[in-house]
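Add chain B to chain A, keeping to what the hints say.
For the record, the sequence lines run as chains A and B. Using the working numbering, the letters of the first sequence correspond one by one to residues 22 to 266. Using the working numbering, the letters of the second sequence correspond one by one to residues 47 to 447.
Treat each hint with caution, since some may be false.
[To be verified] Pairs of lysine to aspartate or glutamate, DMTMM-like flavour, derived with a Cα cap of 25 Å: (1) A/Lys160 - B/Asp428; (2) A/Lys172 - B/Asp395; (3) B/Lys411 - A/Glu184; (4) A/Lys160 - B/Glu429; (5) A/Lys247 - A/Asp235; (6) A/Lys71 - B/Asp393; (7) B/Lys411 - A/Asp137.
Simulated from the structure, these hints should not be mistaken for laboratory data. What you are looking at is a predicted structure, and each value in this text was computed from that prediction instead of being measured.
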Amino acid sequence: MLKIKNLSAGINNKTILKNINLEINKGEFHVIMGRNGTGKSTLSNLIAGKEGYIKEGGQLLYNNKNLNNMTPEERATSGIFMSFQYPVAIPGVNSMHFLRTAVNSIRKSQGHSEYDPAKFIKIFKKNLSIVGLDESFTKRAVNDGFSGGEKKRFEILQMLLIEPKLIILDETDSGLDIDALKIISVAIKKFKSKNNAFLLITHYYRILEYLDPDFVHVLLNGKIIKSGDKKLALKLEKEGYGWLE
Amino acid sequence: MVGLNNLLKTTSRKALKILKNYNFSYNEQWKYTNIDNYKNFSFTENIINDLDNNKNFNDNEIIIINNILQNKNNVYPFIHITSINDAIKKNLFGCKDIFNQIIPLDKNHFILYNTAYFNNGNYLYFEKNHTIENPICINNSIKQKNLTSFFNNRLLFHFGENFSGKIILKEKNNHEVLTNIVCEVYLEENTNVNFIIESEKHKTTQILNFGSTINKNAILKIHPIDISGKLIKNNYFINLKGKNSQCYYNGLNLLNHSNHIDNYIEVNHNNKHTISHTNQKNILDGKSKGIFYSKATINKYSANSEAHQKNNNLILSNKSIVHSNPQLMIYNNDVQCSHGSSTGEVDYDALFYLRSRGISIQKAKKMLVHAFIDEIIDTIDDENIKNNIQDKIYTWIKDVN
Numbered sequence: 022m023l024k025i026k027n028l029s030a031g032i033n034n035k036t037i038l039k040n041i042n043l044e045i046n047k048g049e050f051h052v053i054m055g056r057n058g059t060g061k062s063t064l065s066n067l068i069a070g071k072e073g074y075i076k077e078g079g080q081l082l083y084n085n086k087n088l089n090n091m092t093p094e095e096r097a098t099s100g101i102f103m104s105f106q107y108p109v110a111i112p113g114v115n116s117m118h119f120l121r122t123a124v125n126s127i128r129k130s131q132g133h134s135e136y137d138p139a140k141f142i143k144i145f146k147k148n149l150s151i152v153g154l155d156e157s158f159t160k161r162a163v164n165d166g167f168s169g170g171e172k173k174r175f176e177i178l179q180m181l182l183i184e185p186k187l188i189i190l191d192e193t194d195s196g197l198d199i200d201a202l203k204i205i206s207v208a209i210k211k212f213k214s215k216n217n218a219f220l221l222i223t224h225y226y227r228i229l230e231y232l233d234p235d236f237v238h239v240l241l242n243g244k245i246i247k248s249g250d251k252k253l254a255l256k257l258e259k260e261g262y263g264w265l266e
Numbered sequence: 047m048v049g050l051n052n053l054l055k056t057t058s059r060k061a062l063k064i065l066k067n068y069n070f071s072y073n074e075q076w077k078y079t080n081i082d083n084y085k086n087f088s089f090t091e092n093i094i095n096d097l098d099n100n101k102n103f104n105d106n107e108i109i110i111i112n113n114i115l116q117n118k119n120n121v122y123p124f125i126h127i128t129s130i131n132d133a134i135k136k137n138l139f140g141c142k143d144i145f146n147q148i149i150p151l152d153k154n155h156f157i158l159y160n161t162a163y164f165n166n167g168n169y170l171y172f173e174k175n176h177t178i179e180n181p182i183c184i185n186n187s188i189k190q191k192n193l194t195s196f197f198n199n200r201l202l203f204h205f206g207e208n209f210s211g212k213i214i215l216k217e218k219n220n221h222e223v224l225t226n227i228v229c230e231v232y233l234e235e236n237t238n239v240n241f242i243i244e245s246e247k248h249k250t251t252q253i254l255n256f257g258s259t260i261n262k263n264a265i266l267k268i269h270p271i272d273i274s275g276k277l278i279k280n281n282y283f284i285n286l287k288g289k290n291s292q293c294y295y296n297g298l299n300l301l302n303h304s305n306h307i308d309n310y311i312e313v314n315h316n317n318k319h320t321i322s323h324t325n326q327k328n329i330l331d332g333k334s335k336g337i338f339y340s341k342a343t344i345n346k347y348s349a350n351s352e353a354h355q356k357n358n359n360l361i362l363s364n365k366s367i368v369h370s371n372p373q374l375m376i377y378n379n380d381v382q383c384s385h386g387s388s389t390g391e392v393d394y395d396a397l398f399y400l401r402s403r404g405i406s407i408q409k410a411k412k413m414l415v416h417a418f419i420d421e422i423i424d425t426i427d428d429e430n431i432k433n434n435i436q437d438k439i440y441t442w443i444k445d446v447n
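Same shape as in the complex, but just chain A:
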């Protein structure tokens, strides 16, 4: 699904990712861990198509298509979804209207019929309860005045409604209390299937107690220096990153 070959990239004339290689296939769940500032978010922003992140070398392929030539909306309609580390508040844009527009844009591009408002409100409300948000969110503006936890739940709600194929979760577990972490983890686990794939960026082992990752990678100084399974994450949680240097 996603093939990263010898990828080097950066922002503001500074190289951050150095010669990264990573392959994510359908049905797989990958985790990237690493210290702050090692390039984890650079990688996710690069995949999602944020302007300013420059590919300096290597390849970034999604279903064998070069992502470099695709706009953020084209990436989204072809199945890529990034749960933002810091979801931006957009006062004045109603959450439900935003998501109906997003879901319908994607459905339309995939040749499916668009949801009418009545149908969408039902689906929206059903998914609100799955992520533990109340119905007041039908009337609220996107992320406006949301608590940190509500923002992360809202990201997962978007994932459930958009039904993407490749999901990048950029520190979705940060800032969540124990109950919220459980709700979100259950929602992710339920959504996980043999037809989609995940790349989770995290600092903590605790979310992995609920999820069963297939691969855990350590990103340090812009390079993937070690890959393993869930046990690697547990070792990092206990011992930190010092032993890898």
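Here is chain B on its own, set in the frame of chain A:
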């Protein structure tokens, strides 16, 4: 001055006398609006009599064309509409005491010209103790044949005690006009008036002087919505005269091409517990220019008062220009005040967020522009008016790239 009553003649002579020694200067109020081209224009009226091209007026609207009331007001029995000349002659509802008393004559030379060459205008009295749910629509338009003189337009609104209602003042000119409007609004005690000004004047050059005196416990909410304008200079003079009087100004300007809209808003807090909120949003495209200059003065007798000013500008073109200057003059320690201004392009992070969810860049931009506008539109407390204005605005936004 033929046909004018004595008070109007005296006022007119007084204005002429001040004009003789009045030197126009580009002070703060006029700093960014060049009117040199219009200095030699006359202010005498060029009355057009052939206004018969459309007599099928909507009965639900009060139609005024070139200062002349076009239809009988059968719909709103609680509104008395008379020419200012007749109203003053009979001193209807005590109007002698308020005509020309709301905006000081010497505020600028356009008010002086409007008064000096006064010929006609309308006095609208809204009976006291009336609460009107449905909005009252007044269509005030101007037709001109030659464009070598300003057309003087004059309106005097007088709201009796305990009146509560919504007024939509529609001003739409599709053809080129030069207008010098003086609109005075007098709110007696305990009135609550929502004043929506819908202005669509693509080819208009307009100087508006809008003044309001707000008495005890009265509330004025003004929503000036200006959709384009060749050269528009709006001056608002708000006098919070009575205790607990309040004024909420929520303005929106949409500018493109080489439009020029300049808003000067002066609020004077002249009593205790007075509140003013001034909020102006502008969207600028093309080579347009938008000016916001707001001055709120809290005098030393106005303890426990509040004054807030906010101006946000959304720039869609790198050739648009904004001048923003929110100003507070505070002469009392026991007050709450704030002011702020922002000017910028569409928020890139918000745009990326929407695009990352599959929304096209064009649609995402429009969503953000709508969101910017809706804060002002949402202050209008009537769904029909809101929808109507939204439709007009969305038509304008269609061209946003």
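Q) Does lysine 172 of chain A pair with aspartate 395 of chain B here, judged by a C-alpha cut-off of 25 Å? A) holds, 15 Å
Q.
Next pair to validate is lysine 71 of chain A with aspartate 393 of chain B; report whether the Cα-Cα distance is within 25 Å.
A. Holds: lysine 71 of chain A and aspartate 393 of chain B sit about 14 Å apart, inside 25 Å.
Q) Has the given pair, lysine 160 of chain A with aspartate 428 of chain B, been kept, meaning a C-alpha gap of at most 25 Å? A) Since the Cα atoms of lysine 160 of chain A and aspartate 428 of chain B sit roughly 19 Å apart, the hinted pair holds (cutoff 25 Å).
Q: With a cut-off of 25 Å on the C-alpha distance, tell me whether lysine 247 of chain A and aspartate 235 of chain A pass.
A: holds, 14 Å
Q. Has the given pair, lysine 411 of chain B with aspartate 137 of chain A, been kept, meaning a C-alpha gap of at most 25 Å?
A. holds, 22 Å
Q. Holds or violated: are the alpha carbons of lysine 411 of chain B and glutamate 184 of chain A at most 25 Å from each other?
A. Holds - the C-alpha atoms of glutamate 184 of chain A and lysine 411 of chain B are around 24 Å apart, at most 25 Å.
Q: Compare the distance between the alpha carbons of lysine 160 of chain A and glutamate 429 of chain B with 25 Å, and conclude whether the hinted pair is satisfied.
A: holds, 17 Å
Going through the hint list in order, the structure satisfies each hint without exception.
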